[in-house]
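Asks: Given next are the chains, with one letter for each unit.
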Amino acid sequence: MLKRTALYAAHQKLGAKLIDFGGWEMPVQYTSITDEHLAVRHAAGVFDISHMGEVTVSGSGAEAFLNSVLTNDIRKLVSGQGQYTLMCNRSGGVIDDLYAYRLSVNVYLLIINASRIEVDVAWLQSEAAKFKGGELNLSDASHHYAAIAVQGPRVKEFINTVIPGPSASVFQVASVTDLKKNQIAGFHFDNHNLLVARTGYTGEDGFEILAPDSDIQHLWDKLLEVGQPFGIKPAGLGARDTLRTEVCYPLYGHELDENTTPIEAGVGSFVAHEKGYFNGGSVLAQQKATGVKRKLIAFKMTEKSPPPRPQYAIWWDDFKIGQVVSGTQSPSLGIGIGMGYVPPEQAKPDTKIEIEIRGKNYAAVIVPKPIYKKS
Amino acid sequence: MSNVPSDLKYAKSHEWIRISGDTATVGITDHAQAELTDIVFVELPAVGRQVKVGEACAVVESVKTASDIYSPVSGEITAVNSAVVDNPALVNTAPDSDGWFYKIKLSNTAEVNALLSPDDYKKQIGG
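Residue numbers (my numbering), protein chains in the order written: chain A, 1 to 375; chain B, 1001 to 1127.
Pulled out of the complex, with its shape left as it was, chain B reads as follows:
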């Protein structure tokens, strides 16, 4: 079964978010990487870009398909993980640690309340 770490929040569209004050780290879930398999390319947003909750701001490509990644919260992109650009397979091997996508400064911390708890996300993916 997919790994769903208990210290993260989740979006229905299979992104995870680790919140620390008014900044957060975003990536895709173990379940999402297992569904995609063979990730061969990751395209990340520019640092400084303002994104809205639910906005497509990154692309992850497997051998078979390209998938949009939607930001779980609104805010400004403060850092991106060049390691996954250089080595996209990191998203397969370490989706919720070294395979993170970007860091974001939250513009509306209340949005966090709408995200899924680990238990709710487990229910969604049938785990």
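Chain A with its partners taken away, still in its complex shape:
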């Protein structure tokens, strides 16, 4: 039986096509992936992301514990601030990629991938059991939170009307739009508390909002109502995937898995080598110093072709050198785009490659990340 979010009825009412995503029955699209994608690029889109997991970590040992299990340096965060980070095993393989927020002194919130909740929580609990650096409370709060992402260049024009300021949290801001990128604060909505972060997974400005199940339907309706004159559309996981692929954000299970390191995946800037011990740190330091056997690259098709898709072979000079891990038709660019792993010798931008699609090779070129840049 697939799990359903508190917005399931709203999706049905909007005529969404629903699919199984990590055990959740989620909307893949409402009208058209292309239309929803372009609404987010040029106006606004609202996504149900209630399937994402939440873990709270608190106590006097929370900071030291998180710094031992995550790659980024959590000590850089002040209250009301978040960072992208990765959780690695001892071989440097990625267990999950996530956002870590510091809500107040010794109180942290981790936002993790839906498909990884059980694995992450089991790993964190086993690591916590060995931890001797102070008091530590770890709790899977995934059942307490529903979540919405509202993304696009026009969101800042109406979000303060939907969620009025000032904040009601340790971190003080006068309004939602006073949040800077990666900042998070609590706000009152319907006499309940919401957490609003200026983050997203689309490459556009926008916000991710955590709320109890009981409030999420009202928030969803109000965003669509107030955002309507600004061109807001409900957007599904299909558009979420094409948007993140254009800006080369990794998706767990595609760019990242337990046998892939952050260095190979090109997210080494979120690994704080100098911070002291952390899981996988020695392997990652060695890879940084001596190099990796494969690297994540982004590519564009240079001739008319079917859209590239995961698992298609990548060719270079008559050699099969790698595999596509994400691929799609780019709604913004109107051509096929993707990401894949290849040996470092062939990973430079402007390298001509070919993508094998149903037995035929089509011309492509390696490009710098992100593939899509706002003009």
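Accuracy of the hints is not assured; some may be wrong.
In silico contact screen, one side only, chain A against chain B (beta carbon under 10 Å); selected entries [to be verified]: (1) 242; (2) 244; (3) 306.
Computed list of lysine-lysine pairs in DSBU-like fashion (alpha-carbon distance at most 30 Å, straight line) [as the list claims (entries may be wrong)]: (4) A/304 x A/222; (5) B/1122 x A/304; (6) A/293 x B/1122; (7) B/1123 x A/13; (8) B/1012 x B/1052; (9) B/1052 x A/360; (10) A/288 x A/156; (11) B/1122 x A/17; (12) B/1123 x A/304; (13) B/1105 x A/17; (14) B/1123 x A/360; (15) B/1122 x A/360; (16) A/304 x A/360; (17) A/222 x A/293; (18) A/13 x B/1052; (19) A/293 x A/320; (20) A/295 x A/320; (21) A/288 x A/181; (22) A/13 x B/1122.
These are computed hints drawn from the structure, not numbers from a lab.
Values in this document were obtained by computation on a predicted structure and should not be read as measured data.
From the three backbone atoms N, C-alpha and C, an ideal C-beta is built for every residue, glycine too.
Could you slot chain B onto chain A? The hints should help.
Replies: Coordinates of chain B only, in the frame set by chain A:
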């Protein structure tokens, strides 16, 4: 609701066929294009290719997925519609007219009897 023209026959796998003597035109139904949405690529069979009934002989790709198109009848491909190759969105906007896929010379006209009537196809898609 999806448009199901009354002068066409239908395959369970959502292709339509317009029969004229021993030749026919094949495309995908309005219901199929609405399910796929955002068609971005169409791959058609070579002219002269012999296909069997139910054989995968074309591919239609939306942003999200690639789908095989199965021939509703056996025969030889006599023409393909280069307009849908150049402009795949035609399949979305005119699935049962300008968005046709290929013409075929039937090798066994009796196969036509196994195809669905417009009413039967409407029942299948819940229309």
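Asks: Sort out which numbered hints this structure fails and list those numbers smallest first.
Replies: 2, 4, 5, 6, 10, 12, 13, 14, 15, 17, 18
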